[in-house]
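Protein chains: 2
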Amino acid sequence: MTKEDIGITVSKKEDFSEWYTQIVLKAKLADYAPVKGLIVLRPDGYSIWELLTSIFDKKFANNGIRNGFLPILIPESLLRKEQKHFVGFNLEVFWVTHSGDNEIGDRLALRPTSETLAYTMYSKWIQSWRDLPLKMNFWNSALRAEIKGTKPFLRTSEFLWQEGHTVHATREEAEEEVMKILEIYKNTVEEELAIPVITGNKSEKEKFVGAVYTTTMESIMPDGKALQMGTSHFLGQNFSKPFEVKFADKDNVEHFAWQTSWGVSWRLIGAMIMIHGDDQGLVLPPKIAPTQVVIVPIYKNDDGKDKVLPKVEEIRKILESKEIRVHVDDRRELSPGYKFNDWELKGVPVRIEIGPKDIEKQSVVIAKRYNREKSSLGFTEIEKISTILDEIQIAMLKTAREQANVNSYVISDYNEFKSKIEKGGFFSAPWCGKAECEEKIKEETGADIRVIPFGSGNTNEKCMYCQEQSISVPIFARGY
Amino acid sequence: MTKEDIGITVSKKEDFSEWYTQIVLKAKLADYAPVKGLIVLRPDGYSIWELLTSIFDKKFANNGIRNGFLPILIPESLLRKEQKHFVGFNLEVFWVTHSGDNEIGDRLALRPTSETLAYTMYSKWIQSWRDLPLKMNFWNSALRAEIKGTKPFLRTSEFLWQEGHTVHATREEAEEEVMKILEIYKNTVEEELAIPVITGNKSEKEKFVGAVYTTTMESIMPDGKALQMGTSHFLGQNFSKPFEVKFADKDNVEHFAWQTSWGVSWRLIGAMIMIHGDDQGLVLPPKIAPTQVVIVPIYKNDDGKDKVLPKVEEIRKILESKEIRVHVDDRRELSPGYKFNDWELKGVPVRIEIGPKDIEKQSVVIAKRYNREKSSLGFTEIEKISTILDEIQIAMLKTAREQANVNSYVISDYNEFKSKIEKGGFFSAPWCGKAECEEKIKEETGADIRVIPFGSGNTNEKCMYCQEQSISVPIFARGY
Chain E
1 MTKEDIGITV SKKEDFSEWY TQIVLKAKLA DYAPVKGLIV LRPDGYSIWE
51 LLTSIFDKKF ANNGIRNGFL PILIPESLLR KEQKHFVGFN LEVFWVTHSG
101 DNEIGDRLAL RPTSETLAYT MYSKWIQSWR DLPLKMNFWN SALRAEIKGT
151 KPFLRTSEFL WQEGHTVHAT REEAEEEVMK ILEIYKNTVE EELAIPVITG
201 NKSEKEKFVG AVYTTTMESI MPDGKALQMG TSHFLGQNFS KPFEVKFADK
251 DNVEHFAWQT SWGVSWRLIG AMIMIHGDDQ GLVLPPKIAP TQVVIVPIYK
301 NDDGKDKVLP KVEEIRKILE SKEIRVHVDD RRELSPGYKF NDWELKGVPV
351 RIEIGPKDIE KQSVVIAKRY NREKSSLGFT EIEKISTILD EIQIAMLKTA
401 REQANVNSYV ISDYNEFKSK IEKGGFFSAP WCGKAECEEK IKEETGADIR
451 VIPFGSGNTN EKCMYCQEQS ISVPIFARGY
Chain P
1 MTKEDIGITV SKKEDFSEWY TQIVLKAKLA DYAPVKGLIV LRPDGYSIWE
51 LLTSIFDKKF ANNGIRNGFL PILIPESLLR KEQKHFVGFN LEVFWVTHSG
101 DNEIGDRLAL RPTSETLAYT MYSKWIQSWR DLPLKMNFWN SALRAEIKGT
151 KPFLRTSEFL WQEGHTVHAT REEAEEEVMK ILEIYKNTVE EELAIPVITG
201 NKSEKEKFVG AVYTTTMESI MPDGKALQMG TSHFLGQNFS KPFEVKFADK
251 DNVEHFAWQT SWGVSWRLIG AMIMIHGDDQ GLVLPPKIAP TQVVIVPIYK
301 NDDGKDKVLP KVEEIRKILE SKEIRVHVDD RRELSPGYKF NDWELKGVPV
351 RIEIGPKDIE KQSVVIAKRY NREKSSLGFT EIEKISTILD EIQIAMLKTA
401 REQANVNSYV ISDYNEFKSK IEKGGFFSAP WCGKAECEEK IKEETGADIR
451 VIPFGSGNTN EKCMYCQEQS ISVPIFARGY
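These protein sequence lines map, in sequence, to chains E and P. Residue numbering for the first sequence follows my numbering, starting at 1 and increasing by one per position. Residue numbering for the second sequence follows my numbering, starting at 1 and increasing by one per position.
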């Protein structure tokens with residue numbers, strides 16, 4: 001293979017879409033499956049997902065949420081029970097019509113989401129206030145047929161995600177839960193994935209079809225498009241009524257329960273690739289990197305080897321004792337230069353180079369992936385790598401915030417908006433609250449209301465579109 | 001609810017099948033989904049699965065196996081590519097024929113197993129000997145339509161499992177891998193689930209349709225029926241040829257690779273329930289118990305509470321510092337007696353009772369779930385709980401081995417076999433090796449060859465059925 005086959009051959013600026021696809025394939029995160037719209041995760045991609053799920057699992061558990069399993073097949077009749085919700089998904093549903101040679105009477109849907117199934121079960125499990133709150137989460141895959149082109153992690157007909165479903169005795173408790181979850185989402189994405197998000201509400205038009213309201217976190221990608229990073233819905237009693245999720249309160253009176261549902265998907269990995277990657281390949285934030293440090297020993301002969309390898313082992317042990325995920329690349333048939341490129345492509349946050357000369361100088365060379373800076377570190381200071389990783393994590397979030405700010409605008413003139421939206425970006429603009437204006441803006445510019453940030457209430461301004469009194473200042477953008 | 005609604009109402013001996021179902025439902029491990037053949041896992045059931053998967057994940061990782069993700073949809077044309085394998089699954093396959101309102105040309109199968117899909121990908125990923133061995137594992141669900149009655153964990157149309165798929169440069173290495181995996185399976189099931197297994201080969205008739213040979217581990221259930229606990233297949237080049245899984249060796253000559261596949265499922269949970277459960281409910285081996293110790297504080301008034309609760313907290317902290325999974329049941333509205341029954345039903349290995357009198361005596365009451373023995377333990381000896389849990393684990397395996405031995409017979413007379421098989425059990429009997437005898441025995445008695453134990457070679461005996469020279473002494477039994 002030539003170098004071109006291995007490395008990224010287009011720049012992020014030049015051809016963002018091709019650059020993204022090359023990173024996914026060449027860093028061996030994922031590959032296309034034989035069926036259009038479907039992808040396979042290779043070990044380096046799946047490891048990132050495993051780290052992410054384990055982080056969420058801890059936070060969910062601390063919030064009293066427990067995991068369960070729901071089957072993937074939902075009878076059509078059940079899916080139709082909440083009709084608005086059904087209409088929203090209908091065209092994307094995969095239908096099972098046969099098992100073996102037998103036709104199935106009531107067609108079975110492959111789960112596009114599990115509200116209807118979960119709440120059928122919940123209505124059996126919940127009898128009294130003692131059974132509440134019921135807070136469950138499901139790590140599974142959802143299926144929604146994608147007609148547009150496949151984009152690994154971003155647009156696939158099957159995607160890995162978690163869907164949480166909670167039930168509460170009071171509206172207040174359910175609404176609090178919606179916000180608690182959104183907070184878990186936000187701090188995980190910002191602190192672990194180093195991606196800044198803006199949280200707020202979706203508009204009526206953009207909310208989850210079965211919800212009373214939807215809260216969301218949105219991020220801006222380097223190409224100026226918005227990506228929905230996760231949503232947390234207040235379902236009110238929209239499902240508890242048709243599905244009879246009822247409980248007897250302490251006074252023995254029956255009430256319909258209050259519910260929430262919420263989810264994030266492997267789309268977060270897609271966002272991470274887009275935000276942090278560069279022309280050399282993937283750049284992983286340390287906290288989510290399956291390998292945080294790679295050590296590349298450098299030597300030409302047995303003499304060098306005998307000097308270098310024992311030190312490499314020593315360093316590996318020190319790092320492991322600090323709970324750093326470290327890998328030693330001792331592949332004999334490859335040159336150090338090849339290995340450097342390889343690990344840069346794979347985005348490992350820190351590379352340690354160590355050869356006979358370093359042994360003499362009693363130090364190693366440290367190469368940081370995110371800014372490609374090299375420095376040296378004395379043998380006695382190896383433990384500082386922990387601090388270096390922390391610093392990288394913080395610096396990456398800072399850089400991402402700066403990038404996002406550059407692409408964010410406050411605007412009130414519709415003509416200015418129309419000219420600027422061509423280049424992408426987040427536009428905070430006053431809005432009257434009417435779906436009509438929202439739809440016209442979408443029609444004329446391709447931009448949606450992505451999020452109405454919390455606290456962006458009445459502004460005494462005029463709607464960017466109709467010039468009537470505005471009620472909020474949403475963020476408009478074109479989306480993925 | 002009356003006591004009958006809550007507790008198990010039939011004895012294990014009396015009605016084994018009903019007893020099993022009651023445990024699953026009443027211990028809240030699982031419940032029936034709306035579609036026949038499908039079940040839902042509740043948190044207490046799913047936690048056991050999570051513990052089990054984390055144990056396997058560590059062992060797989062130590063063996064150089066990494067996890068990945070495969071989509072659930074496989075095109076019919078791909079599934080047909082290995083024809084024998086296809087015929088074996090055909091009647092159980094769920095077929096997706098529509099997405100939204102559109103008919104799909106090449107029907108899509110819901111994964112009954114992923115050999116065909118995995119190896120299509122592998123053939124793209126593997127070019128040279130440097131890419132080998134490739135060892136991947138996939139935690140997912142498989143779907144095979146069940147026509148017989150649903151039995152949670154044992155007979156369901158969708159089941160959670162892992163499927164491992166490895167590729168090797170040589171036959172020897174692949175065959176070694178088959179055995180390494182079987183060994184991981186065996187020691188996990190025996191040491192963590194406290195279930196004794198017998199390992200060996202499947203007969204030609206009973207092997208995985210796509211394999212050269214299948215190794216298996218089998219256990220005997222308390223009702224005398226055999227349960228297949230896991231299989232590890234040597235695929236030879238049966239798939240590498242049609243799927244073109246080829247590699248250029250060091251001499252640059254292309255070879256077809258050698259492959260293995262292997263799997264265990266949530267069926268292991270079903271076996272654990274059957275083997276260890278009793279008339280009070282579930283009995284969990286400590287190593288696989290999501291909660292290993294439950295502490296029930298006992299007091300009637302505030303004075304008692306003030307005495308008891310601080311000590312409970314102290315004990316909880318000691319146990320947690322020993323990495324014991326502990327839960328304090330401080331539900332106010334329930335009596336201690338109710339709680340005792342509840343935790344016995346749920347199978348928690350050790351219960352600690354502590355009331356004002358125990359505080360005076362400076363000791364707690366320890367109730368072991370598996371033999372329902374009570375003893376007392378001084379406050380200064382709390383750390384011994386670790387040892388007690390270890391002892392329980394060992395004792396449970398010992399008891400299970402004794403049970404299995406009682407139901408195991410060595411036999412050579414077919415008439416004796418026919419009369420004894422009615423009551424169930426494992427029957428070691430000489431066999432000539434001919435499929436014809438195997439089939440006749442199955443027809444006349446309902447018993448299969450479950451496993452040909454390793455090392456059970458030529459015995460100089462006569463085949464139990466045809467009286468010709470035997471070539472091995474398989475275990476015959478009726479199975480699940």
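A few of these clues could be false.
One copy or two, it doesn't matter: identical chains are merged, so the pair holds either way.
To be verified - Subject to a maximum C-alpha distance of 25 Å in a straight line, what follows is the list of computed DSS-like cross-link-like pairs (lysine-lysine):
| id | residue 1 | residue 2 |
| --- | --- | --- |
| 1 | Lys440 | Lys398 |
| 2 | Lys317 | Lys300 |
| 3 | Lys59 | Lys322 |
| 4 | Lys440 | Lys151 |
| 5 | Lys28 | Lys58 |
| 6 | Lys440 | Lys81 |
| 7 | Lys322 | Lys180 |
| 8 | Lys28 | Lys151 |
| 9 | Lys250 | Lys28 |
| 10 | Lys186 | Lys81 |
| 11 | Lys287 | Lys59 |
| 12 | Lys28 | Lys124 |
| 13 | Lys241 | Lys420 |
| 14 | Lys311 | Lys148 |
| 15 | Lys151 | Lys246 |
| 16 | Lys311 | Lys250 |
| 17 | Lys317 | Lys180 |
| 18 | Lys300 | Lys205 |
| 19 | Lys305 | Lys84 |
| 20 | Lys246 | Lys26 |
| 21 | Lys300 | Lys250 |
| 22 | Lys361 | Lys418 |
| 23 | Lys287 | Lys58 |
| 24 | Lys84 | Lys322 |
| 25 | Lys434 | Lys305 |
| 26 | Lys180 | Lys300 |
FYI, nobody ran anything at the bench for these hints, they're computed from the structure. Fair warning: this is a prediction, and the values are worked out from it, not measured in the lab.
Okay, the hints, checked on the actual structure:
For the homomeric pair Lys440 and Lys398, neither the shortest alpha-carbon distance inside one copy (36 Å) nor that between copies (74 Å) is at most 25 Å. Taking the shortest Cα distances, Lys317 and Lys300 sit within 25 Å of each other inside one copy (24 Å), while across copies they are farther apart (54 Å). Taking the shortest alpha-carbon separations for Lys59 and Lys322, both the intra-copy value of 22 Å and the inter-copy value of 22 Å come in at or below 25 Å. Taking the closest pair of Cα atoms, Lys440 and Lys151 never come within 25 Å of each other, the shortest separation being 28 Å inside a single copy and 55 Å across copies.
Taking the shortest Cα distances, Lys28 and Lys58 sit within 25 Å of each other only across copies (23 Å), while inside one copy they are farther apart (28 Å). For the homomeric pair Lys440 and Lys81, neither the shortest alpha-carbon distance inside one copy (32 Å) nor that between copies (51 Å) is at most 25 Å. For the identical chains of this complex, Lys322 and Lys180 are neighbours neither inside a copy (31 Å) nor across copies (31 Å), given an alpha-carbon limit of 25 Å. Proximity of Lys28 and Lys151 under a CA criterion of 25 Å is satisfied intra-copy only: 15 Å inside one chain copy versus 40 Å between copies.
For the homomeric pair Lys250 and Lys28, the shortest alpha-carbon distance between copies (23 Å) is at most 25 Å, but the shortest distance inside one copy (56 Å) is not. Taking CA atoms no more than 25 Å apart as the test, Lys186 paired with Lys81 passes in neither setting, with 32 Å inside one copy and 46 Å between copies. Proximity of Lys287 to Lys59 under the C-alpha cut-off of 25 Å is found in both arrangements, the shortest distances being 15 Å within a copy and 24 Å between copies. Only between protomers do Lys28 and Lys124 lie at most 25 Å apart by alpha-carbon distance; the minimum there is 12 Å, versus 45 Å within a single protomer.
For a Cα distance limit of 25 Å, the shortest separation of Lys241 from Lys420 qualifies neither inside one copy, at 46 Å, nor across copies, at 56 Å. Neither within a single protomer nor between protomers do Lys311 and Lys148 lie at most 25 Å apart by alpha-carbon distance, with minima of 52 Å and 62 Å respectively. Taking identical chains as interchangeable, the C-alpha atoms of Lys151 and Lys246 are never at most 25 Å apart, the minima being 42 Å within one chain and 28 Å between chains. For the identical chains of this complex, Lys311 and Lys250 are neighbours neither inside a copy (67 Å) nor across copies (31 Å), given an alpha-carbon limit of 25 Å.
Taking the shortest alpha-carbon separations for Lys317 and Lys180, neither the intra-copy value of 39 Å nor the inter-copy value of 28 Å comes in at or below 25 Å. Taking the shortest alpha-carbon separations for Lys300 and Lys205, neither the intra-copy value of 65 Å nor the inter-copy value of 56 Å comes in at or below 25 Å. In the homo-oligomer, the alpha carbons of Lys305 and Lys84 never lie at most 25 Å apart, since the shortest distance is 68 Å inside one protomer and 52 Å across protomers. In this assembly of identical chains, Lys246 and Lys26 lie within 25 Å of each other by CA distance solely across copies; the values are 20 Å between and 52 Å within a copy.
Proximity of Lys300 and Lys250 under a CA criterion of 25 Å is satisfied inter-copy only: 22 Å between copies versus 78 Å inside one chain copy. In this assembly of identical chains, Lys361 and Lys418 lie within 25 Å of each other by CA distance neither inside one copy nor across copies; the values are 60 Å within and 81 Å between. In this homomeric assembly, Lys287 and Lys58 come within 25 Å of each other (Cα to Cα) both inside a single copy, at 15 Å, and across copies, at 21 Å. Proximity of Lys84 to Lys322 under the C-alpha cut-off of 25 Å is found in neither arrangement, the shortest distances being 52 Å within a copy and 52 Å between copies.
In this assembly of identical chains, Lys434 and Lys305 lie within 25 Å of each other by CA distance neither inside one copy nor across copies; the values are 71 Å within and 58 Å between. Taking the shortest Cα distances, Lys180 and Lys300 never come within 25 Å of each other, neither inside one copy (56 Å) nor across copies (36 Å).
Comparing the model with each numbered hint stated earlier shows that hints 1, 4, 6, 7, 10, 13, 14, 15, 16, 17, 18, 19, 22, 24, 25, 26 do not hold.
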